[in-house]
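Could you slot chain B onto chain A? The hints should help.
Residue numbers (our numbering), protein chains in the order written: chain A, 5 to 210; chain B, 5 to 210.
Hints may be right or wrong, so weigh each one.
Claimed, not checked - Okay, derived cross-link-like pairs now, SDA-like style, lysine to any residue, Cα gap no bigger than 25 Å in a straight line:
1) A:Lys56 / B:Val162
2) B:Lys168 / B:Ala48
3) B:Lys56 / A:Pro58
4) B:Lys164 / B:Pro92
5) A:Lys168 / A:Pro90
6) B:Lys56 / A:Thr156
7) B:Lys56 / A:His121
8) B:Lys56 / B:Arg198
9) A:Lys56 / B:Pro209
To be verified - Cβ pair distances, simulated, as ranges:
10) B:Thr206 / A:Asp188: 50 to 60 Å
11) B:His70 / A:Glu54: 16 to 26 Å
12) A:Asp188 / B:Ala30: 56 to 66 Å
13) A:Asp150 / B:His35: 50 to 60 Å
Derived from the structure by calculation, the hints contain no laboratory data.
Please read all numbers here as calculations on a predicted model, not as lab measurements.
The C-beta atom is built at its ideal place from N, Cα and C for all residues, glycine as well.
There are 2 protein chains.
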Amino acid sequence: MSLAPIDFWFDFSSPYSYIASSWIDALAASHGRTVRRHAILLGATFQAAELKSPVSYPLKREYSLHDFARSARFHGLPYTPPPVFPIPSQNAARVFWWLAATQGGSETGSGAARWAHEGLRAVFTRGLALHEPAVLKAFAAEQGLDADAAETVWNDPVWKARLKQANDEAVASGVFGAPFFRIDGEPFWGNDRRPQMERWLTEGPF
Amino acid sequence: MSLAPIDFWFDFSSPYSYIASSWIDALAASHGRTVRRHAILLGATFQAAELKSPVSYPLKREYSLHDFARSARFHGLPYTPPPVFPIPSQNAARVFWWLAATQGGSETGSGAARWAHEGLRAVFTRGLALHEPAVLKAFAAEQGLDADAAETVWNDPVWKARLKQANDEAVASGVFGAPFFRIDGEPFWGNDRRPQMERWLTEGPF
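Just chain A, same shape as in the assembly:
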């Protein structure tokens, strides 16, 4: 019997999602699972949960910017604070859903999963402003996609609607932030829930 994939909701502008994207596939694989990624807009989940970005709050902002970088270092990852943060990530997210729909889903190893992983790396290691169409087109080409086709996708009502559906489904299932994970129905919010996820995968429910 094959085990269900681990669901992983992320936003291309979420630093903790960048960090989580670096370890989730290996963690899943070591427990015989794949990862199924879901691109969402934190703006949508924040609105539903009446939250804002951690950098929108006094006091918490300064700590969060410090903790993003420190947490990346803790996980042995490069980190460059993006010059614009947070960025509107809907165009990159629409391309994700297009890839998922046309190239075999969004599980580990798929084109959508690679786009997600590399997109997060581009934002947080090279400061790529993926909200700028020219930058996103160049990044798409770098990733082996047809840049003009990608641009057509993110302007297409079909893929706008697909992303909206993903946001709605996330909210309906209780997702209010990112990274957010579900293992056999059990929710885990945050890069720092990795130890609990590891125990859950190893020993089952606790």
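Coordinates of chain B only, in the frame set by chain A:
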């Protein structure tokens, strides 16, 4: 040369502070340090940071209540959801500052540290409603304090002012939630920053 204590800000109504209180003294001791506790009111830091309790937000509320209990189990601790939550914790906090001022500070081993640790345990393992004067008096007696003296303390403008000062100092130093720690100036927010704190204590800044 003796190492500086680890500063630990908590609220008697904070479940993650209850969990952190179970491991912070041993972690500190294993690195030649003590812990210096600071009772604060999250209401004050939340106001300064424009935040609310995690259980005040839609979606996040349900997850948080689930995560409080799961995180306690993860750390091998008993956990009983308090019947009233969050509770106003100012009276217990004023007694803490009175003990700190009159019985030798709030470092590991002090009466104030014990009051803090046992108070959190009482709230989250026995559901004691420490905001009710009769309950708090009984708890004070159980802890070997003069219950009437404790009640006089929490009604005394001197100790009200001392708690307000603690809240103001916490906010001024960047504290916006609990548990919040500082190790040689480095801030760590949340029970889940334990792995980073452990590395910091072992290897120094990273």
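Given pair status - A:Pro58, B:Lys56, alpha carbons within 25 Å: Holds - the C-alpha atoms of A:Pro58 and B:Lys56 are around 13 Å apart, at most 25 Å.
Straight-line Cα separation of A:Lys168 and A:Pro90 no greater than 25 Å? 19 Å, holds
Compare the distance between the alpha carbons of B:Lys56 and B:Arg198 with 25 Å, and conclude whether the hinted pair is satisfied. 23 Å, holds
B:Lys164 and B:Pro92 were given as a pair; does the straight-line alpha-carbon distance stay at or below 25 Å? 14 Å, holds
Against the 25 Å threshold, does the CA-CA distance of A:Lys56 and B:Val162 hold or violate the hint? The given pair, whose Cα atoms are some 38 Å apart, is violated under the 25 Å limit.
How does the Cβ-Cβ distance of B:His70 and A:Glu54 compare with 16 to 26 Å: does it lie in that range? Holds, at about 19 Å.
Does A:Thr156 sit within 25 Å of B:Lys56, going by the straight-line distance between their CA atoms? 42 Å, violated
Using the C-beta atoms of A:Asp150 and B:His35, is the stated range 50 to 60 Å upheld? Since the Cβ atoms of A:Asp150 and B:His35 sit about 55 Å apart, the hinted range of 50 to 60 Å holds.
Given the hint that A:Lys56 pairs with B:Pro209, test it: the Cα-Cα distance must not exceed 25 Å. With Cα atoms ~30 Å apart, A:Lys56 and B:Pro209 exceed 25 Å; violated.
Can the restraint linking B:Lys168 and B:Ala48 be considered satisfied, given a maximum Cα separation of 25 Å? 9 Å, holds
Taken at face value, is the distance from the CA of A:His121 to the CA of B:Lys56 at most 25 Å? 33 Å, violated
Cβ distance range 56 to 66 Å for A:Asp188 and B:Ala30, holds or violated: 33 Å, violated
The structure is inconsistent with the numbered hints 1, 6, 7, 9, 10, 12, although it conforms to all the rest.
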